[in-house]
Amino acid sequence: MKNFTTVLKIAPAFLLASTVMHAQKKDSLPQEKKIDEVVLIGYGKQKKSDLTGSITSVTAKDFNGGATSAGQLIQGKTPGVQITNNSGAPGSGTKIRIRGTSSLNGENSPLIVIDGVPQDFSGVNGASDPLSLINPNDIESFDILKDASATAIYGNRASNGVILITTKKGTAGRFKVNFSTLTSVSTKMGNVDVLNADEYRSFVNDLAKTNAAVATNASRLGNANTNWQNQIYQKAWGTDNNLAFSGGVKWLPYRLSLGYNDQNGIVKTNSFRRTSVGLNLNPKFFDNHLAINVNAKGTFTDNRFVDGGVIKAATYFDPTQPVYSGNSKYGGYYEWTDPNNNVTGLNVNGTSNPLGLLNGVHDVSSVWRGLGNIQLDYKLHFLPDLHVNVNAGYDYSKSNGAKTVSPIYRAGIVDLGTYNQYTMEKKNKLLETYLNYLKTITSISTTVDLTAGYAYQDFHTIIPGSTTLKGRGQNTFTNDFETKNVLLSFYGRGIFTIANKYILSASIRRDGSSRFYNGTKSNVWGNFPGVSIAWKINEENFLKDTGINTLKLRAGWGKTGQQELPALDTNKPRNYPSYAAYNLSSSGAEYQFGDQFFFMMRPEIYNPNLGWEITTTKNAGIDFGFAKNRITGSIDVYQKDTKDLIVDSPIAAGDLSNHNLLNVGNMQTKGIEAAITFVPIKRENTTWEVSFNATHYKSKITKLINGADDTYRILVGGIEGGVNNTIQAHTVGRQPNAFYVFQQVYDVNGKPLDGVYLDRNGDGKIDVNDRYYYKSTQPDAIIGFNTKFSHNNWDIGLSARAVLGNYVYNNAASNSSIQSLTTNNYLQNTYSTAADYRFSSPQYFSDLFVENASFFRLDNINAGYNFKDIFYKGSNVRVYAMLQNVFVITKYSGIDPEVFGNIDNGYYQMPKVYSLGFNFQF
Numbered sequence: 001m002k003n004f005t006t007v008l009k010i011a012p013a014f015l016l017a018s019t020v021m022h023a024q025k026k027d028s029l030p031q032e033k034k035i036d037e038v039v040l041i042g043y044g045k046q047k048k049s050d051l052t053g054s055i056t057s058v059t060a061k062d063f064n065g066g067a068t069s070a071g072q073l074i075q076g077k078t079p080g081v082q083i084t085n086n087s088g089a090p091g092s093g094t095k096i097r098i099r100g101t102s103s104l105n106g107e108n109s110p111l112i113v114i115d116g117v118p119q120d121f122s123g124v125n126g127a128s129d130p131l132s133l134i135n136p137n138d139i140e141s142f143d144i145l146k147d148a149s150a151t152a153i154y155g156n157r158a159s160n161g162v163i164l165i166t167t168k169k170g171t172a173g174r175f176k177v178n179f180s181t182l183t184s185v186s187t188k189m190g191n192v193d194v195l196n197a198d199e200y201r202s203f204v205n206d207l208a209k210t211n212a213a214v215a216t217n218a219s220r221l222g223n224a225n226t227n228w229q230n231q232i233y234q235k236a237w238g239t240d241n242n243l244a245f246s247g248g249v250k251w252l253p254y255r256l257s258l259g260y261n262d263q264n265g266i267v268k269t270n271s272f273r274r275t276s277v278g279l280n281l282n283p284k285f286f287d288n289h290l291a292i293n294v295n296a297k298g299t300f301t302d303n304r305f306v307d308g309g310v311i312k313a314a315t316y317f318d319p320t321q322p323v324y325s326g327n328s329k330y331g332g333y334y335e336w337t338d339p340n341n342n343v344t345g346l347n348v349n350g351t352s353n354p355l356g357l358l359n360g361v362h363d364v365s366s367v368w369r370g371l372g373n374i375q376l377d378y379k380l381h382f383l384p385d386l387h388v389n390v391n392a393g394y395d396y397s398k399s400n401g402a403k404t405v406s407p408i409y410r411a412g413i414v415d416l417g418t419y420n421q422y423t424m425e426k427k428n429k430l431l432e433t434y435l436n437y438l439k440t441i442t443s444i445s446t447t448v449d450l451t452a453g454y455a456y457q458d459f460h461t462i463i464p465g466s467t468t469l470k471g472r473g474q475n476t477f478t479n480d481f482e483t484k485n486v487l488l489s490f491y492g493r494g495i496f497t498i499a500n501k502y503i504l505s506a507s508i509r510r511d512g513s514s515r516f517y518n519g520t521k522s523n524v525w526g527n528f529p530g531v532s533i534a535w536k537i538n539e540e541n542f543l544k545d546t547g548i549n550t551l552k553l554r555a556g557w558g559k560t561g562q563q564e565l566p567a568l569d570t571n572k573p574r575n576y577p578s579y580a581a582y583n584l585s586s587s588g589a590e591y592q593f594g595d596q597f598f599f600m601m602r603p604e605i606y607n608p609n610l611g612w613e614i615t616t617t618k619n620a621g622i623d624f625g626f627a628k629n630r631i632t633g634s635i636d637v638y639q640k641d642t643k644d645l646i647v648d649s650p651i652a653a654g655d656l657s658n659h660n661l662l663n664v665g666n667m668q669t670k671g672i673e674a675a676i677t678f679v680p681i682k683r684e685n686t687t688w689e690v691s692f693n694a695t696h697y698k699s700k701i702t703k704l705i706n707g708a709d710d711t712y713r714i715l716v717g718g719i720e721g722g723v724n725n726t727i728q729a730h731t732v733g734r735q736p737n738a739f740y741v742f743q744q745v746y747d748v749n750g751k752p753l754d755g756v757y758l759d760r761n762g763d764g765k766i767d768v769n770d771r772y773y774y775k776s777t778q779p780d781a782i783i784g785f786n787t788k789f790s791h792n793n794w795d796i797g798l799s800a801r802a803v804l805g806n807y808v809y810n811n812a813a814s815n816s817s818i819q820s821l822t823t824n825n826y827l828q829n830t831y832s833t834a835a836d837y838r839f840s841s842p843q844y845f846s847d848l849f850v851e852n853a854s855f856f857r858l859d860n861i862n863a864g865y866n867f868k869d870i871f872y873k874g875s876n877v878r879v880y881a882m883l884q885n886v887f888v889i890t891k892y893s894g895i896d897p898e899v900f901g902n903i904d905n906g907y908y909q910m911p912k913v914y915s916l917g918f919n920f921q922f
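Position 27 of the sequence shown, counting from 1, maps to 27 under this note's numbering, and the rest follow consecutively.
Just so you know, the hints here were simulated from the structure itself, not pulled from any lab data.
Since the structure is predicted, the reported quantities are computational estimates derived from the model, not experimental observations.
Some hints could be false.
To be verified - Here are the computed lysine-lysine pairs in the DSS-like style, where the Cα-Cα straight-line distance is at most 25 Å: (1) 95 x 700; (2) 682 x 48; (3) 698 x 670; (4) 700 x 618.
I would like the entire structure built from these sequences, with the hints used as guidance.
Here it is as structure tokens:
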């Protein structure tokens with residue numbers, strides 16, 4: 001792996017910055033006047049007061065502090081947007097959902113557009129989240145487009161909403177330097193509620209009196225008192241440092257930023273390091289007729305990942321055994337052994353020593369990413385109302401990774417160690433051009449804003465084959481993979497504002513995607529229209545001088561598409577599922593002729609009739625503001641209807657596979673969301689602002705395959721335990737991912753009975769037909785709360801969230817039973833409830849383990865003091881302290897009730913973070 005020092009990574013940028021500092025000694029441009037608040041709407045911008053669609057803007061002043069990924073900046077800040085952390089590992093990023101889900105097997109994440117460059121949806125090998133490759137400190141604002149009337153301009157990628165990210169830019173004026181540094185320490189929230197050593201001994205010895213199998217294994221109890229979870233967790237130190245230079249040299253506003261983030265994970269050996277540089281140039285020429293925006297961002301990350309089995313091993317390993325064995329075998333760690341295993345001496349079924357896993361597996365990666373674009377906006381000299389805009393962008397990522405499994409430890413002893421090195425490249429290109437005509441016709445009090453454009457985007461992914469070297473021989477390998485997907489688009493939009501009261505907006509986009517090419521162009525092209533209207537009632541004479549500052553009604557309708565399909569393994573885009581293709585068989589799938597084995601070309605399953613999903617959205621909303629806009633807010637109601645859902649559906653025998661991607665389903669989502677902001681105090685030296693937002697939505701599958709009723713189901717939601725067991729299902733008339741379980745029966749004292757379930761259909765037997773649909777992964781309500789208070793030089797703020805009606809399947813609890821003490825000649829710890837329930841075997845499908853995981857979480861609290869004019873007039877130093885993930889109130893018995901996918905098994909918990917920061921402005 002490459003191991004460049006931080007100084008070498010950022011030295012060129014420091015040299016450039018010092019040159020700029022020497023060149024500029026005083027203001028070169030007058031200070032710009034304050035302009036009306038505007039938001040991005042896709043290929044343009046609009047005054048916030050004139051918006052007709054459902055669009056929310058969050059700027060840097062309202063961001064959450066301490067974020068290591070872009071999504072964490074706006075967590076809990078806006079209604080209709082649910083952001084869940086992928087895990088507590090540094091750099092793991094977030095999952096973002098806007099107004100729930102629109103697809104069953106397709107992508108449910110919104111389209112992300114960074115400085116005008118749409119991002120792809122596939123990941124990068126060696127990076128947990130592609131957005132974690134962007135330095136959050138460089139982001140200026142998020143504009144979130146939620147309804148189809150706003151997102152239709154982005155066509156076949158907009159069914160899940162669109163997030164427009166704008167990075168910070170330079171401003172004309174005096175040269176400025178901003179340096180911020182943050183030091184943090186992270187700790188775990190808690191431990192999974194398993195038995196400690198004394199409780200475990202008592203449990204085993206008590207059962208041994210009546211259970212012969214337990215009595216046999218009881219002799220394997222040790223004398224140690226080991227808390228295995230404490231053994232794998234640590235206090236993790238981190239630092240985040242950012243340096244920015246900005247200003248204007250004559251006609252050239254600029255901003256140069258440098259960042260370095262170094263964060264250790266709370267699980268030992270886990271780490272994330274990111275070095276970033278960003279450059280923004282915004283010159284204007286020809287009397288401001290030509291504006292050029294140059295955005296360039298580069299990042300380099302180093303990651304060391306934790307083996308996925310470590311947390312599970314720490315949960316289940318026998319607490320009566322010591323960490324070390326007292327000899328040198330298996331790296332000196334205690335492991336379960338089998339005298340009949342003459343090869344390794346290990347009990348192959350036994351739980352691995354978690355510390356042996358931590359030290360025996362070295363999984364690292366380095367990822368480079370360069371994202372840049374040049375955007376030219378030319379205001380024609382002979383027709384200044386007409387602008388020509390050209391945007392060319394390039395997004396390049398390259399990852400290198402290596403996973404080494406030591407032959408000394410249990411994890412690698414069978415193969416005498418393994419080594420696998422992998423690489424991946426992504427080359428995404430963009431070319432867009434559009435015309436914009438903006439004219440106010442005073443004779444009819446109408447403003448006309450017309451846009452028409454063309455876009456080309458090319459996504460190219462290269463994953464060379466890799467070989468896994470094994471010390472015992474019998475190496476395995478993967479084949480080379482390369483694919484390209486092209487999008488061609490034509491779009492137009494018209495916005496008409498009449499008398500500054502009545503606004504009509506209409507757009508259409510025609511998209512062509514190579515993804516659904518089937519040898520013809522029958523499924524390649526699609527049209528996506530949107531229309532919306534607004535009435536600014538506060539501009540009417542009858543509301544003048546009434547104390548109502550803002551009152552606007554909005555309504556919109558639109559169609560958007562979904563072309564993103566579930567990726568193949570290792571982030572391989574599934575680009576041509578409609579086209580017949582042959583692929584080379586992989587290692588282990590060879591054909592024998594005589595004493596030789598040959599790789600074969602194998603046909604892949606395909607569907608020539610596959611097309612994109614279509615979502616039709618209706619939205620109605622009201623925006624309001626009172627008391628000089630010290631009370632502002634909005635309410636939106638919406639309905640989304642998705643047809644031609646792409647479903648990985650079982651198919652009849654006789655094809656190349658027993659399942660295929662089909663357009664077979666429909667789904668409907670209805671919801672309501674609201675936000676309100678109060679400013680109770682607004683004085684010269686004192687300000688207090690309070691914000692609430694709330695969201696409720698419900699999705700229902702209305703169709704799967706033709707003729708299917710609620711007895712037809714597609715099983716999803718794989719769990720740990722057994723073979724290919726699932727705990728969720730899709731079916732008509734239910735929410736997607738509904739838990740599909742048996743109804744537990746209890747005794748008169750409320751204790752669950754072992755393996756006893758309700759005979760729901762009354763046929764006198766308990767079988768799969770007695771399972772029922774219970775809850776789902778969709779909560780009843782999502783609530784956000786934020787407040788900021790400042791007085792003189794002091795400031796304090798906090799943000800919190802509540803999720804009500806949230807249910808999580810506790811897989812760690814369902815996987816625990818007396819069977820953990822009786823099988824395969826080793827002992828396995830159990831969830832604390834196992835000692836109470838005393839189930840003889842795991843009851844995976846009991847609704848007992850679908851727990852109410854509603855919660856209230858205090859995400860962030862911070863307090864700071866600003867030393868103004870500390871060195872000279874205009875220089876400031878802010879000192880602040882911050883706590884993240886302060887506490888969680890919940891009935892859920894696991895560590896963290898907020899688990900993406902709502903199945904909790906070996907989840908890397910979110911850490912509590914204590915930080916101290918300094919921000920210097922010169």
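Here is how each hint holds up against the structure:
no.	hint	verdict
1	95 x 700	21 Å, holds
2	682 x 48	22 Å, holds
3	698 x 670	6 Å, holds
4	700 x 618	16 Å, holds
Violated hints are absent here; each numbered hint is respected by the structure.
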